[in-house]
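Asker: Single-letter residue listing:
Number of protein chains: 4
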Amino acid sequence: MLYFRNDYGAGAHPAVLEALCRTNMELTAGYGTDAYCSRAAETIRDLCGLPEAAVHFLMGGTQVNKTAIGAFLRPFEAVVAVAGGHICVHEAGAVEQDGHKVIHLPAPDGKLTPELLRAAAEGPVNEHTVVPRLAYISNTTELGTVYTRQELAALRRCCDELGLYLYCDGARLGSAMDAGGTSFADYGECCDAFTIGGTKNGLLFGEALVIVNPALRPGFRNCMKQQGAMLAKGRLLGVQFEAILKDGLYLELAAHANNQAKRLAEGLRALGIQLLAPAESNQVFPILPDGAVEELGKNVEFEVERKMDAGRTCIRFVTAWHTAPEDVDALLNLLGG
Amino acid sequence: MLYFRNDYGAGAHPAVLEALCRTNMELTAGYGTDAYCSRAAETIRDLCGLPEAAVHFLMGGTQVNKTAIGAFLRPFEAVVAVAGGHICVHEAGAVEQDGHKVIHLPAPDGKLTPELLRAAAEGPVNEHTVVPRLAYISNTTELGTVYTRQELAALRRCCDELGLYLYCDGARLGSAMDAGGTSFADYGECCDAFTIGGTKNGLLFGEALVIVNPALRPGFRNCMKQQGAMLAKGRLLGVQFEAILKDGLYLELAAHANNQAKRLAEGLRALGIQLLAPAESNQVFPILPDGAVEELGKNVEFEVERKMDAGRTCIRFVTAWHTAPEDVDALLNLLGG
Amino acid sequence: MLYFRNDYGAGAHPAVLEALCRTNMELTAGYGTDAYCSRAAETIRDLCGLPEAAVHFLMGGTQVNKTAIGAFLRPFEAVVAVAGGHICVHEAGAVEQDGHKVIHLPAPDGKLTPELLRAAAEGPVNEHTVVPRLAYISNTTELGTVYTRQELAALRRCCDELGLYLYCDGARLGSAMDAGGTSFADYGECCDAFTIGGTKNGLLFGEALVIVNPALRPGFRNCMKQQGAMLAKGRLLGVQFEAILKDGLYLELAAHANNQAKRLAEGLRALGIQLLAPAESNQVFPILPDGAVEELGKNVEFEVERKMDAGRTCIRFVTAWHTAPEDVDALLNLLGG
Amino acid sequence: MLYFRNDYGAGAHPAVLEALCRTNMELTAGYGTDAYCSRAAETIRDLCGLPEAAVHFLMGGTQVNKTAIGAFLRPFEAVVAVAGGHICVHEAGAVEQDGHKVIHLPAPDGKLTPELLRAAAEGPVNEHTVVPRLAYISNTTELGTVYTRQELAALRRCCDELGLYLYCDGARLGSAMDAGGTSFADYGECCDAFTIGGTKNGLLFGEALVIVNPALRPGFRNCMKQQGAMLAKGRLLGVQFEAILKDGLYLELAAHANNQAKRLAEGLRALGIQLLAPAESNQVFPILPDGAVEELGKNVEFEVERKMDAGRTCIRFVTAWHTAPEDVDALLNLLGG
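Sequences listed follow chains B, C, V and S, in order.
If you count the first sequence from 1, position 313 lands on 313 in the numbering used here, and the numbers rise without skipping.
Quick note: to get the numbering used here, add 337 to the position in the second sequence (first position is 1).
Quick note: to get the numbering used here, add 674 to the position in the third sequence (first position is 1).
Quick note: to get the numbering used here, add 1011 to the position in the fourth sequence (first position is 1).
Looking at chain B on its own, in the form it has when it is part of the complex:
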């Protein structure tokens, strides 16, 4: 079977695994208070040009989103996100479980815009409503589209104007940076907080949360613990992030994934296959006849995105740091290339 199901099907990049094995029998303090976490946090602060930022390491995407949002907001404050956003549909109501409404905004390409934000803020906001307070974006988006530096800066300005925090879920941040030409520093400049996703780009697991806004920093470690989000052997996260951030490996892996997706998308287009959204990063959403989807399923692992109409289905291919170019070729071959 060819594997294009997702970008968390394999374990860790060899360099990350090597670091884990090398340090395995060291005896350190727990809960992320070790030297590995300190160094990894320092590296991230350096990369982002944020000498004062708080950096925390958590285990997964839903966990970091819910812990951060739960820590940042007061009870009546709400999140604004595009309707297809990860927190809207793929996290089982994790944000709501902590008491906060997520306001869904329509966005055909999966991207939040100042216009959408303004519309949400202009809706009646008073003592009888929730108060929109945090704009959630993910980069890349659920549709694989990406934000440019200009778009992030425009969102920042709009958030300043409307009194909103800007939070970027960077579960696929490497892919977004490679595809959109953004840098770590751009997120430091534009966001109140953002995550650097490890799970989908070379780690066994791990998301780094960077809290830029000083007002959002106090008490975060208590919130982590309360949410069950503080790993006992916390150094595992520091060790892994240290390894993946070394010598540009993080971006290198993301670029590989993006490049394979680009090759795949070009091949699909050459075959006349329509895509649901522009293939900007490492996810490709071809729309195929139902019969073709069924046939493909015999040889390829993928996810079904949605039924388009009576005869056609949109599916999702995801490439990863370990996707072999030959597998892309083989997939295109199966599709008639």
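Keep in mind that the hints were calculated from the coordinates and are not lab data.
Be careful, since some hints might not be right.
With a Cα cut of at most 30 Å, we get these calculated DSSO-like pairs of lysine-lysine [claimed, not checked]: (1) V:LYS981 with S:LYS1122; (2) S:LYS1257 with S:LYS1273; (3) S:LYS1273 with V:LYS785.
The structure displayed is predicted, hence computed values, not measured ones.
Here the structure of chain B is known, so what remains is to put chains C, V and S in place on it, guided by the hints.
Answerer: Same frame as chain B, but now just chains C, V and S:
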């Protein structure tokens, strides 16, 4: 000033106030364990033809909605409601505060339908999503439209098919019954739980919650207490409901409010004024030129519903059990009638 | 039956009821934005010498406690209270339902002290624990004891030292003020927030929350709404508080209740009956042989506080603004006086 | 430095690490739906003699406790635990954050007993209180004491009688089984749910939750996801548990840790050093003069348990699967042995 702002601007109907005064110095047990509450509950069970139903008395609409929904659902279970529903926009995220997502469905006329419910249930529902579990309707709706018996029955069948509870917020149940030709028994037949609103139809305050589904009854009093929704002098609720339900007063008051709204709507139509929604109950939503709205505001109290376009605004007139027919005449006069 | 069960068995004081009747048909804005609430809030600010304080009117004791505490604390922050405190045992976990731990401290006389607070704060407090942040007291306490001005001031200093908010649940504040010689201004000086209880001292229902600390004021109305704690006909609270605070009526009623309790306690002592706690306010806790308790139950309504040992039970008598002196005499007679 | 700080200072047992490395580049489905998790769950069901039990793999102890308790209880239901229990003092209010009160019971040796449970259940439980519903124990306890089969069975009978669930936090279950002579099957027989701790006994991380009671199983995967407790690369948990449960390795490692603690405790007793609690498992709590503690800190890593009195402090030594016998000797030497 003419008062068409809402139906909770005045105090209690004289018969209710008289009952409160008459019983004022009696000494009873607290928290709704008194004879007045028992009798009022029994009256409601009789009216609904539900000899086994649990009946609880709470203080307000948001309170009863959040307490009921919080008591009925497991953490990952969600509510489905039309996007303009009271719990979606007017309760400050009360349901979410207790941990539950409210899924918003579009409905131009404010009414939930089996088709909308099926669409929500057919969306991907799996281990990574919330699970729709309770269909929330209000009757009358936020737009003043009402459900018929047939529509309620269709929703019931659909909920059975999809494994959903049907919950009816009856903050204006009297008005809905009068306008839609439904009876208390219809709600008992179609709903897992519903409320009988007193605040907007003759009481100082008070909503009766009828829990029809036996599986939803256990522990409800503890949930009420935990939510701060158990009135110390609980008998005040029993005394008031007993008074308002006597001799058909509840429906009589609602019919009066509806009739004044009907007269108003007819007058508006005669004046060529467009309405946002059919004026089926005690709320009327005329669309007026901005200038006319401003002018009207000098002599009439009303709410602004929304800006329609560059030059027009939709406002809301609400009639109540105490609305004087002459006030309706005077309002129409002001509008050029 | 003689009624010594509680101080919320009757309705409202005649002056309060009269005000409700007199204003019944007025048409005002809802949710506490009316002139009655404004005036009552202003009166409270004047009485407390707090021209800037926020004053909110809520419906009941559990409701005001949970709404205030939920609004004031961050998720990992905890409440410290004596083990027998109202929020510890009589509110069905209302504070915990909003996510906050309540730390129970032992206190034989029901009163929190600086020593107890320091012990709680000196327990290990770190990233793995909740952080004590709000000291909850009630005055009067659950045992009917009261705090003096000096004790309140000492708690204030201790809270300042430890970084705690001081919150006083004044469900029986009138009784506490009369018994302990404290004034409204003392609470304004010593507390970050406190309540002035109406339910147990002449109102149909209603607790005023005074937020002294400016940092705790923003967003409180949204929290009220979210908690279902904003009364639609909010003016009912303003009307009642205005009436009860006029001409010293509030304190007068409390003094009456205290005086009857004092007479009762003296009579019990004269009969050689032991009390569980000093009868400082309007609650008296005699310890009686089980047989005497059973016998008494035939003619008197009271609550059982607890079983003391094999043969004795502690019961509770509560006096109120409407307790007739003859009823106290009659009760003492029944007990052999 | 000698390391006796805790049992989560090192990485994984070599056999576990080998399994992770061997399977690293396999491509599997995510979120624990892979064959490794299926096999590990099957192994656990076999070991416990529970062919129908639900087995879930989570990442850490606080996470599994809060997710399980949050999934099992209704809003007003409470947990009963000994006051020093992990959920009471070391989890930052995680259970309360999900809305549930934890009732603390005093227990000098850290063990819950039927007598304590009965006392808690006999406290006033009514509509105004939380309802105790889940008895939480940890085995081993926070003081290193262990439950025998008879004690577990007695708790089971008591819980049946009182209508309580029995939940065992097995963060150190291997150690408890070795020390107390209990088997996996004993937990299956006595508990409604229990965990098998991996983090402290050979895994990088991971706790298996066994849900014995069928009523507690539905919807648990949604709760996991909602709590951020579903690992994307879920197979990492299956791979590790498969490796550690093979050929009795799990119990072998626990026995090693216990044996080193036993040697240490015997050495301490020979030195006349008093212990806070019997050293039944892999934690030892010597009470030492403050000066000795300070001196020891120069060469040994350990935790301070508590200040005993003016001159003495209780500290904690923890042994682990990797503790070298020579390190125990060296520690005893440092203490004057």
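Asker: If a hint holds in the structure, say so; if it does not, say that too.
Answerer: To see whether the hints hold, each was checked on the structure:
no.: 1; hint: V:LYS981 with S:LYS1122; result: holds, 27 Å
no.: 2; hint: S:LYS1257 with S:LYS1273; result: holds, 25 Å
no.: 3; hint: S:LYS1273 with V:LYS785; result: violated, 45 Å
Checked against the numbered hints given earlier, this structure breaks only hint 3.
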